[in-house]
Amino acid sequence: MGLKLKSKPISELEYIKWDPEKVVYAFSQGNETCAESAVLAGCDFFGGYPITPSSEIAEVLSRRMPQEGRVFVQMEDEIASMASIIGASLGGARTMTATSGPGFSLMQENLGYAITTEIPCVIVNVQRLGPSTGGPTSPSQSDYMQVKWGTHGDHPIIALSPSTIQEVMELTIVSFDFAERYRTPVILLMDEVTGHMREKVGYPRQEDISIFTRSNELPESGDYKPYDLSVKSGVPPLISFGEGVRYHVTGLIHDEYGFPTRNRKEIRDWYDRIYRKIDNGLDRILRYDLYNLEDADTVIISFGISARTGLEAMIQARKKGRKVGMVKLLTLVPLPEEMLKEVIANVDRVIIPEMNRGQLILDIERLNKKGIDIIPVNRYDGEIISPGDVLDAIGGC
Amino acid sequence: MMERFDVRLAGLGGQGLLLAGLILGHAVTIYDKRNAVQTVNYAPLARGAPSRAEVVISDGSIYFPEVLNSDVLLAMNQSAYDEFKSQVKPGGIIIADTENVKNFCQSEETYKFPISKIAKLETGRTITGSIVGLGIISIITGIVTPSALTNAVKTRAPRGTVQTNLRALSAGLSAMEK
Amino acid sequence: MKRTAPMFQDYLRPDKRFPSVWCPGCGNGVVLGCILRAIHALDIPRDKVALISGIGCSGRMPVYADFNTLHTTHGRALAFATGLKLARPDLYVIVVMGDGDAMAIGGNHFIHTCRRNVNLTAIVVNNRIYGMTGGQCSPTTPSDLIASTATYGNIDQPIDICHLAALAGAAFVGRSTVYHVRELEKIITKGLDKKGLAVIEAVSNCHTYYGRLNKIGRATDMFKWMKEETAPITVVPEKRKGKITRGIFMDKDTVGFIQHYEQLVEKAIKNMEMLRQWKKKRLGPDINAKKAQVANNT
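Protein chains in written order, with my numbering: chain A, 5 to 401; chain E, 652 to 829; chain W, 630 to 927.
Don't read these hints as lab results, they were simulated from the structure.
The beta-carbon is built from N, C-alpha and C at its ideal position, and this holds for glycine as well.
Any given hint might turn out to be false.
[To be verified] Distance condition first, Cα-Cα at most 30 Å in a straight line; then the derived BS3-like pairs of lysine-lysine:
(1) W:Lys881 to W:Lys819
(2) W:Lys908 to A:Lys26
(3) A:Lys26 to W:Lys910
(4) W:Lys645 to A:Lys281
(5) W:Lys908 to W:Lys896
(6) A:Lys269 to W:Lys908
(7) A:Lys324 to A:Lys345
(8) E:Lys736 to A:Lys324
(9) E:Lys771 to W:Lys910
(10) W:Lys645 to E:Lys684
(11) W:Lys824 to W:Lys896
(12) W:Lys868 to W:Lys881
(13) E:Lys684 to A:Lys12
(14) A:Lys327 to E:Lys740
(15) A:Lys323 to E:Lys684
(16) A:Lys269 to A:Lys12
(17) A:Lys10 to A:Lys373
(18) A:Lys26 to W:Lys909
(19) A:Lys374 to A:Lys345
(20) W:Lys868 to W:Lys853
(21) W:Lys677 to A:Lys229
(22) A:Lys324 to E:Lys740
(23) A:Lys236 to W:Lys645
(24) E:Lys684 to A:Lys21
[What the hints assert, rightly or not] Reference listing, derived: stretches of chain W covered by chain A, where coverage requires no fewer than 3 residues with Cβ under 8 Å from a Cβ of chain A:
(25) 668 to 677
(26) 697 to 703
(27) 710 to 718
(28) 884 to 894
[What the hints assert, rightly or not] Derived list of chain E stretches under chain A, where covered just means 3 residues or more per stretch with a C-beta under 8 Å from a C-beta of chain A:
(29) 659 to 670
(30) 733 to 746
(31) 766 to 773
One chain only, chain A, in its complex shape (with noise of 0.2 Å):
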């Protein structure tokens, strides 16, 4: 017993330089304060299409990115949404969408032409209740394995989950640096509560922002392969286009050079580097934040808003003396398989609250080798889980 496993916190990321006498403070909802943090993270194009819970990105970023000189444009559908951050990013855009799940559904046939094709991008999913039209105005947490398999293939994808509005702000930007770093979608998973939610929150400068800027340098031997399976960081640099390096881009499966193959090894390759390259960027991608493990024998795992009940219940369960501790995932997909494994290993239980009828604690128990109790706590009625509910899951409180 006793782990002495350590937080993965965003900060340690150093995008933002904070500065505590530039700060602004402000009183600001999730979804506003996603669409000024897009803007501060050097977001150049928006294309979207309303749906609620998300709609109030796209109303401030149809106000604010004409102000900076950047496009806002509204799509026809989230299909074309999805196509346009996509097209627009191939030609050197910082870009972004957001939407529910409804919309996120659309997107997923074009989300896997991103994840082949490699082009950066940030997609928000402000989840309500589904499937279907489900419920527009109700907080849920039930898009976690469409996330992870929504779109057809085999394919790697990161995903962040923010809980607070500072997160938000922090994690917007993190979003942008991952998709242009390893050249692939990232995926902002919120939900209707922490998008519509207000809380004070800092806001550092633009100049105060550093993130992962593509370079649009020609390679020393003058022959540019925008899918090089032999970069070691499995992750190629990508060339605009425009910048003079003329190439193909195309969802078939393809070689270095991006044309279409058939070839075998070549098609294995491809596919073994896509997973490399998210695989290498595990220690900067994976974030987390631990709390009180190190007497801990039952520990609460949850990540959005369910983690914030989750804070408040492992308090209370401390304040009567349990020992109580608690894993706040902020990177959810890829999921810090390694850590899990650790704290389960070490603990007698887990409980697992999350707004849906039982997902995240599917691939929690994968990592279950000891089998020890993990113990679900589901809610999926459009209201998010009390503290109550978890404490009874951790009993005699």
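Fit chains E and W to the known structure of chain A by using the hints.
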């Protein structure tokens, strides 16, 4: 240090409750330098449907963002009073608009004001009733300073309504004297 | 305008991707040739051209051309192109689609791209059938004709691409055929030079499926059909009766989306200045105005 103070503003759409919640949260965080979380209950209809805004105030971190039982309930109509009076913490208070809440039961400490009437008299618009309510909450509970509220109204009230809302606020702040 | 014949190898990727996937006698090669000659005539550097396609026979066209080339998903090419063009207004963005691509699965994108009047050149290669996948029925397959998914004859009405484009707001709309090569080339050249959206329908042939299933014959027979069953818009309507009209149907002066957006940016910046002054006046000197202002902006 105050750990957690829950405020619930409840009534009907069109009574300005969402704006009041926003102004309270803004005042507390930006001018009183505390923490606050404001959540809203979205109804598909803007006017006439049940509406409420809830604000959690603390000097420390706020984890659970929603209000379960409140320290203050501002009840702007009868159904809000009926629904939420039982969800007031022991020692908590209810502030009721006697223009719209007629049937009271003897339970929690209840402060009764003709809020809508005050609003109508001061500003000519009952929609400012929630801002009158904020003034009353400030005086009775001290959870937010009058100056913070004044500044928050100035920054957050929609264009063209600042003076109206300031009049409503000062009517609320002086309602106890009458 | 350059009128010299282009060196095709300057615009193609001959070392990598030939022979093409197209059947001998296919009109897709003619359309590609027209595009290359139009680019050459306007003297547009290859680096400044983006050739975008959807899925289908025409979708393979970008592979062969030495530009910035993008082969997108079925029906979505215009939406990708919209994003690219708005991010890089300096690029000439040419979109090549098939009739199934542009009118069926991409029909909505087509209408809205016309409405938005984005500065793109959209070329619809209309062979009236899904050629690549085996001759299935498309939105431009004429009524009663046979397709592999219309075994007893097509029960739907065909869509008129040019009519739809003009109604939906495209700045420039023209039609020719792969038989009338010079005319097609001329229309594409005009379209490339247009502010706003240019839609060009290139009537083409699929003798492999459309011609065979409907007993029209081989490629040469289909070219003959294009020659005989079409008429230029310049002749009197009686002589065009029952035939497909060729020519330019719409050519209006518009600013196009890009310039329109620039005007919007100017307006937004001006409004921001006005808002700033208004807030300064409203907030008065007694509070920490600067912080509050920024806070309110968020």
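Hints not upheld, ascending by number: Numbers 6, 10, 16, 29, 30, 31 - these are the hints that the structure violates, sorted from lowest upward.
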